[in-house]
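Protein chains: 4
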Amino acid sequence: MLKAAVLGATGNVGQIFVQLLENHPWFEVTTVAASERSKGRTYGEASRWRQTTPVPEAVAQMEVVDISPKAVKNVDIVFSALPSNVAGKVEEDFAAAGYVVVSNASAHRMDPDVPMLNPEINSSHVCLIEQQRKNRKWDGAIVTNPNCSTTVLTLPLKPIYDKFGIKSMIVSTMQAISGAGYPGVASLDIVDNVIPYIGGEEPKMESETQKILGTATEPAPFKVSSSCHRVPTIDGHLEAVFVETEQEADPKAVAKAMENFVGEPQTLKLPSAPEKPVVVTWEPDRPQTRLDRMEGNGMSTVVGRLRKDPVLGGVKFIALGHNTIRGAAGCGVLNGEYLKVKNYL
Amino acid sequence: MLKAAVLGATGNVGQIFVQLLENHPWFEVTTVAASERSKGRTYGEASRWRQTTPVPEAVAQMEVVDISPKAVKNVDIVFSALPSNVAGKVEEDFAAAGYVVVSNASAHRMDPDVPMLNPEINSSHVCLIEQQRKNRKWDGAIVTNPNCSTTVLTLPLKPIYDKFGIKSMIVSTMQAISGAGYPGVASLDIVDNVIPYIGGEEPKMESETQKILGTATEPAPFKVSSSCHRVPTIDGHLEAVFVETEQEADPKAVAKAMENFVGEPQTLKLPSAPEKPVVVTWEPDRPQTRLDRMEGNGMSTVVGRLRKDPVLGGVKFIALGHNTIRGAAGCGVLNGEYLKVKNYL
Amino acid sequence: MLKAAVLGATGNVGQIFVQLLENHPWFEVTTVAASERSKGRTYGEASRWRQTTPVPEAVAQMEVVDISPKAVKNVDIVFSALPSNVAGKVEEDFAAAGYVVVSNASAHRMDPDVPMLNPEINSSHVCLIEQQRKNRKWDGAIVTNPNCSTTVLTLPLKPIYDKFGIKSMIVSTMQAISGAGYPGVASLDIVDNVIPYIGGEEPKMESETQKILGTATEPAPFKVSSSCHRVPTIDGHLEAVFVETEQEADPKAVAKAMENFVGEPQTLKLPSAPEKPVVVTWEPDRPQTRLDRMEGNGMSTVVGRLRKDPVLGGVKFIALGHNTIRGAAGCGVLNGEYLKVKNYL
Amino acid sequence: MLKAAVLGATGNVGQIFVQLLENHPWFEVTTVAASERSKGRTYGEASRWRQTTPVPEAVAQMEVVDISPKAVKNVDIVFSALPSNVAGKVEEDFAAAGYVVVSNASAHRMDPDVPMLNPEINSSHVCLIEQQRKNRKWDGAIVTNPNCSTTVLTLPLKPIYDKFGIKSMIVSTMQAISGAGYPGVASLDIVDNVIPYIGGEEPKMESETQKILGTATEPAPFKVSSSCHRVPTIDGHLEAVFVETEQEADPKAVAKAMENFVGEPQTLKLPSAPEKPVVVTWEPDRPQTRLDRMEGNGMSTVVGRLRKDPVLGGVKFIALGHNTIRGAAGCGVLNGEYLKVKNYL
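Residue numbers (my numbering), protein chains in the order written: chain A, 1 to 345; chain B, 1001 to 1345; chain C, 2001 to 2345; chain D, 3001 to 3345.
Please note that the accuracy of each hint is not assured.
Claimed, not checked - Derived DSS-like pairs: lysine-lysine, alpha-carbon spacing no greater than 27 Å straight-line: (1) B/K1073 <-> B/K1003; (2) B/K1308 <-> B/K1163; (3) D/K3163 <-> D/K3269; (4) A/K252 <-> B/K1223; (5) D/K3340 <-> C/K2167; (6) A/K137 <-> A/K70; (7) A/K308 <-> B/K1003; (8) C/K2252 <-> D/K3308; (9) A/K308 <-> A/K137; (10) B/K1089 <-> B/K1070; (11) B/K1089 <-> B/K1163; (12) B/K1073 <-> A/K167; (13) B/K1089 <-> A/K167; (14) D/K3340 <-> D/K3276; (15) D/K3223 <-> C/K2308; (16) B/K1276 <-> B/K1163; (17) C/K2167 <-> D/K3003; (18) D/K3089 <-> D/K3256; (19) C/K2308 <-> D/K3308; (20) D/K3256 <-> D/K3269; (21) C/K2223 <-> D/K3252; (22) A/K223 <-> B/K1167.
Keep in mind the hints are simulated off the structure, nothing from the lab.
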């Protein structure tokens, strides 16, 4: 078993990391780190655990340590669920201290020498680690996953991009409250309400989509326009996607490409890889957030309502994925698994 | 005072008609008609009133009558909140019997000789009544309002269309549960959920938008693509709109065009006309469904987040309007007022 | 494997029966029966499956049959999720045809010769079957579970009753929307709302509590007063309970009695029996509906906030249980398991 | 016009004070004070106004000042919406500086020389001001309203207490999220959830009810037991109440006593006094939070489902009131009006 630390372990994404790593075949959480306020308390006390499964017993007993390479010792991999304003410096410290950091934070996602992996799509970007180590003169590494709405979106985009080409894309999101962490969105702001704004999300969706679908060094050249909205759902980001393709794209042919799509995680049979990264439904009113977000244990994107788009000339469809699993901790764990089999740990 | 009948008066939109006509300066509800099941009971009993203001005392005491010209006698105007499957034939019967029917139903909206009025935009289409009377050999008339999501959307589109031209448009909606009537959406289908489908809504948004923004006889030639979603809000349809303009359209210039936009209802000072059909906000996270849906007594569309669209090259923005007021009964009452001052009653 | 039929299989509780019986070690669903409207279609089509786990493949392919002993042949046990207005006659027909019917319907619950089992509490009432068969001259039998709110409530009451005696009890419920079935509660009635009334629920809670805690022939003599409310939660009935005890009851002693409480299902190690029928928490703000309803796979009642009651002189506490699992289909399956090991099938 | 300051004006209750005082016939907000962070900004900027009516134009332009008698000058009355941890000292400072402070904070409610007024019930307690001034050697005064759930509850209790006597009382509350202020309850804690705990609320309900219904110097001697719960509603506290009366209390006689109940605010025709402090409904499923919370402009308690209670022997019923209007700022304004006509300003 490899020893894993979770940074920012008491927050919402940190808790999902702890939850997903319980009974993991390769990784074992041996260290939980969080901010000053939690230090010295047990994880059970400090986390105010808020998941629907019980806190893993062994982790509950652990003492929470400082978020520093000094305090976190003797682990083989570091999963970071830190808030982005903290993550920037801290993750660099860990990488400099020789650790491989698998991060959910946005701080380093757009760094040219940091791989931002949605591994079914761009596992090959892992090669950036060599460049990163050279540039930064460290033995560790930082690898990130994309932001939640981008992760969910890019899975079904990839087979379209490969088979039909993409010239441009418009997306409107309906994002769950858990995407804002805890305490996050005030209930007075979201009950019987939609908030048509999520700070920083639209630029992220646009640039991250291009980076993931591009090569390790060149972003994909197509244009992306997004409008991001918070709706009163707990988990699951639902997105209305309109795609302009290079070549004529029939909805059925697109569906077939999506259904056949697999990546390295599937070939390598990584423990957290869903059998199908993209699941296509033809039910007229699916995917629905509450009913479909756990597809593939929360690791698949469910696509529905595939139809011609009369404006862009390609296809339009609905995509739904679980924002804190596929869109955050689950993608992080999958990235950790990929790094392991590729001998980066 | 003109005497008004409300058809389908016990349903949700019917109740809003009754609510809006309380204390109306020109119209007085003197007859309420509903389906068999309500017949012979007082409106107070039959309606199971579910609004947040009390049922108007006078109407509560009225006996509910049949939905037929025979039972509804001696009124000057008929407001129809009938379900569309019933409205088709019934509204024709009323028009044939000489009544002017102002309808919220979709049954006749796309008939070439029926004006579908969002009166700030296309009050001139009222001229179709002459054609309608000739074609159908009746003395009455049928005038409709558009469907709720289209009504909200077309208000801000009109000044763009007039000033910059529109080549195409993409819209994703986040629609409230009241749009489905009562009982409508099952709570198990919408709590902690988004349903990415509303039966018939997308074709309606596409064809109705073209009809309203066109001339009385020719639809506007631009393409529309929509994706419609139900979200857990009570009232208020929020829409993410992406517009390709004919001419370069700067967000500030677009905002100015919207803010200056008025139509005949404003010029004529109709009682239900909002001072501003379109209200523009620059707050970063507005409009919000719960906070802004009552703008202009629920008769305005609030536009926010006006910005360049990198894909279509025009602008993108958020539009919000009250679906059962501006998008249904309120627009119907405004149409009735317009017909009155134009001497159609 | 014993063959099982589910009556009313397409409804919400029917779907939970099908879900819980997937991979059951003793029972296999071989027949699904539902109303006329579903007849002849596959279960997959007819059920409009609305659970968060996929419909079991084998059941999805089955053709739905009539709800009659004629159409349902060759099964060893019949689980009934019929609406109560239908259940009365139909369940009698099945019992007369020799079937053992395990019912969730209220129709026969209060019949003096029908056991209403919450089996940790009153499995001994199963003896009423002999009387029932004699009275009604049939070879089959009807056994019911209590209504959902009563099932959840009576688990923690039993150890209090046994150890301290109960003189009277007041309970206010906060019940989930799934308790009303599907489509059930209209969304317009429950978003941002509480409905302080559930038809028939209060009399049921009062009489059923007395029957379950009594002997097979005599209801428990203590008085019960309830106030039942529907709140905007999906699953899980939360109840505020105030108990007047016969003897001085210290909260800690009550907690201990609850924690030690087990019944025949635990002793017999029935497959659906939770390890602990009652789980006590001392967290100040627990149990919470969303976080705790799946305790014991949805088969336990979670009790929290145990404290002295200054008015009744006993204790007050919060009880939470899963209404469609423990409170309906899960209790039915547990009853089926009990009947099997007791050789009633 | 009397000049009014609002302390804590940017918070949720502060905003309701500002909203209710717009167009008030006697009071005009001339000063808004808030914490350090808001100082020097206009109220429009600092408040992040979150009400469904627009921010009053004149107040929006005001500069926010410090919460101190030094910064707040030249006003005739001070309305305090301060958080309780701040209010204690600050309100004393204002009273010492000669101001009459009408407070919504809990800090001084239980002080023996501070009147806690729900003015239909205990306006006579205003006499405590003399004692207060003597004790504390100041010219100003502190007057408070009760906590929100208590205010709603005590209105219907008063006519029962006067006519039938009360021996004891049990109440379970279902309280809205706005009761916790802003940001208050995290959305992840309340969507699809009930939280069976509100810090400090139960002791407050118990002691404040006794103080209000008692004489100026002696609390009412009956026992109160409460269980307080947060549910996913925006505004409106709904309460299930069980009352043990001294004398036989028939539900109809109780209803009559409630309907006839008025207090000094009605006799004096205070501007914010509702015509009926208690409105009784016999609809089987009312009052409902969303539909009935604005009764009497949010100043009445609506009582429904009046019935015999089999355990306590008196009556049980549902009470609903608006927590931020009647239960907070509205009661404060009413208290201010009462103090004015009684010449305390």
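Hints and how they fare:
1. B/K1073 <-> B/K1003: Judged against 27 Å, a Cα distance of about 10 Å means the pair holds.
2. B/K1308 <-> B/K1163: holds (16 Å)
3. D/K3163 <-> D/K3269: holds (24 Å)
4. A/K252 <-> B/K1223: holds (23 Å)
5. D/K3340 <-> C/K2167: Distance ~51 Å between D/K3340 and C/K2167 Cα, so the pair is violated.
6. A/K137 <-> A/K70: Within the cut-off at roughly 19 Å; holds.
7. A/K308 <-> B/K1003: violated (48 Å)
8. C/K2252 <-> D/K3308: violated (33 Å)
9. A/K308 <-> A/K137: Judged against 27 Å, a Cα distance of about 50 Å means the pair is violated.
10. B/K1089 <-> B/K1070: Answer holds: B/K1089 to B/K1070 is near 14 Å, not above 27 Å.
11. B/K1089 <-> B/K1163: At roughly 40 Å apart (the allowed maximum being 27 Å), B/K1163 and B/K1089 break the hint.
12. B/K1073 <-> A/K167: violated (61 Å)
13. B/K1089 <-> A/K167: violated (48 Å)
14. D/K3340 <-> D/K3276: holds (21 Å)
15. D/K3223 <-> C/K2308: Roughly 13 Å between the alpha carbons, so the hint for D/K3223 and C/K2308 holds.
16. B/K1276 <-> B/K1163: holds (18 Å)
17. C/K2167 <-> D/K3003: violated (58 Å)
18. D/K3089 <-> D/K3256: violated (44 Å)
19. C/K2308 <-> D/K3308: Holds: C/K2308 and D/K3308 sit about 25 Å apart, inside 27 Å.
20. D/K3256 <-> D/K3269: With a Cα-Cα distance of about 22 Å, the restraint between D/K3256 and D/K3269 holds, given a limit of 27 Å.
21. C/K2223 <-> D/K3252: Distance of about 23 Å is within 27 Å: holds.
22. A/K223 <-> B/K1167: Holds. A/K223 to B/K1167 sits at ~19 Å (cutoff 27 Å).
Checked against the numbered hints above, the structure breaks hints 5, 7, 8, 9, 11, 12, 13, 17 and 18 and satisfies the rest.
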